[in-house]
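Participant: Construct the complete structure from the given sequences, taking the supplied hints into account.
So in this note's numbering, the last one in the sequence shown is 184, and the numbering has no gaps at all.
Possibly wrong hints are sitting among the right ones.
Distance ranges between label pairs, derived from CB positions [what the hints assert, rightly or not]:
no., residue 1, residue 2, range
1, Val168, Leu125, 15 to 21 Å
2, Leu72, Leu125, 19 to 25 Å
3, Gln156, Leu72, 30 to 36 Å
4, Asn47, Ala147, 20 to 26 Å
5, Thr42, His128, 20 to 26 Å
6, Leu112, Ala147, 16 to 22 Å
7, Met46, Val168, 30 to 36 Å
8, Gly163, Ser103, 21 to 27 Å
9, His97, Leu34, 21 to 27 Å
10, Ala19, Tyr152, 46 to 52 Å
11, His40, Lys14, 39 to 45 Å
12, His128, Val160, 19 to 25 Å
13, Leu17, Pro126, 45 to 51 Å
Hints listed in this document are in silico derivations from the structure and should not be mistaken for laboratory results.
Every residue gets a Cβ at the ideal spot worked out from N, C-alpha and C, and that includes glycine.
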Amino acid sequence: MMKTIPISLSPTRKRALNAFLGLVLLLVSVLLFLALVTYHPTDPSMNTAAGVVAPHAVHNWVGLFGASLSDLLLQSIGIASFLLPIWLGGLGWSWMHSRSSGSPLLRWSGCLLALIFAPTALGLLPWHWHWMHAVPIEGIMGHLMAAQLVIYLNVQGAWVVAGPLAVVGIYFSPAIHFRAVKTA
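Facilitator: Here is the structure:
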C-alpha cells in the first residue's frame with residue numbers, strides 16, 4: 001500500500017527553509033511587478049510580430065520573458081494582474097516569518113473570485129481606459145464576463161454581482177492577515 005505525501009501550503013517547521021522559500025517568493029513577486037510596470041506595447045511578445053530581437057530592443061526591465069508574461073497577463077485579466085505580485089509578496093513575507101497565513105482553501109477561493117470579478121467590475125465602468133494607451137484595463141476576460149453579466153442581469157444587476165464578489169475576493173485572498181500587519 002502506498003503512503004500519501006501531505007502537501008502543505010503553510011510554512012514548515014524548519015525556519016531556514018521557510019526563510020529561503022519566502023525570499024524566493026518575494027523575488028518572484030518583485031520581478032513580476034517590474035515586468036508589469038515596465039510593459040511596453042512594442043515589446044516582442046506572442047501577439048507582436050517581430051524579427052530577430054536585439055537585447056536593447058526590449059523595453060521591459062525583466063527582458064523578453066517579462067515582456068511576454070506582462071503582455072499575456074495584461075491582455076487576459078487587465079490591471080487585476082497587479083494583484084498577483086502583491087499576493088506573492090504577502091505569501092513570501094509570511095513564509096519568511098514562519099507564520100501560517102490562514103486557510104488555503106479560503107485564500108485560493110478569494111484569489112479566484114478576485115481574478116474573475118475584479119476585471120469584470122472594471123469592464124462594467126462606463127469609460128474605457130487603457131494601460132499604457134494600448135491594453136484595456138479590464139482585459140479580455142473582464143470584457144467578456146461584463147458583457148455576459150449585462151446580457152443576463154442588466155447593468156445594475158451586473159454591478160450587484162460583480163462589485164461585492166470582487167471586494168470579497170480581494171479581502172479573502174491575501175496571504176497575510178490585516179491584524180498581523182497592525183501588530184507587527
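Participant: Next, verify each hint and record whether it holds.
Facilitator: Outcome of the hint check:
1. Taking the beta carbon of each, Val168 and Leu125 are about 19 Å apart, inside 15 to 21 Å as hinted.
2. Take Leu72 and Leu125: their Cβ atoms lie about 23 Å apart, and the range 19 to 25 Å holds.
3. One distance hint, 30 to 36 Å for the beta-carbon pair Gln156 and Leu72, holds here, with the actual separation near 33 Å.
4. Our hint of 20 to 26 Å for Asn47 and Ala147 holds, since their Cβ atoms are close to 21 Å apart.
5. Checked against the hint of 20 to 26 Å, the pair Thr42 and His128 passes, with Cβ atoms roughly 21 Å apart.
6. Between Leu112 and Ala147 the C-beta distance comes to about 20 Å, which sits within the given range of 16 to 22 Å.
7. Here the CB-CB span from Met46 to Val168 is close to 33 Å, well matched to the stated 30 to 36 Å.
8. The hint said 21 to 27 Å for the Cβ distance between Gly163 and Ser103, and at roughly 24 Å that hint holds.
9. The hint said 21 to 27 Å for the Cβ distance between His97 and Leu34, and at roughly 24 Å that hint holds.
10. Checked against the hint of 46 to 52 Å, the C-beta distance between Ala19 and Tyr152 comes to roughly 48 Å, which is consistent with it.
11. A hinted range of 39 to 45 Å for the beta carbons of His40 and Lys14 is consistent with their spacing of about 41 Å.
12. Between His128 and Val160 the beta carbon distance is about 22 Å. The supplied range of 19 to 25 Å therefore holds.
13. Between Leu17 and Pro126 the beta carbon distance is about 50 Å. The supplied range of 45 to 51 Å therefore holds.
Violated hints: none; the structure is consistent with every hint.
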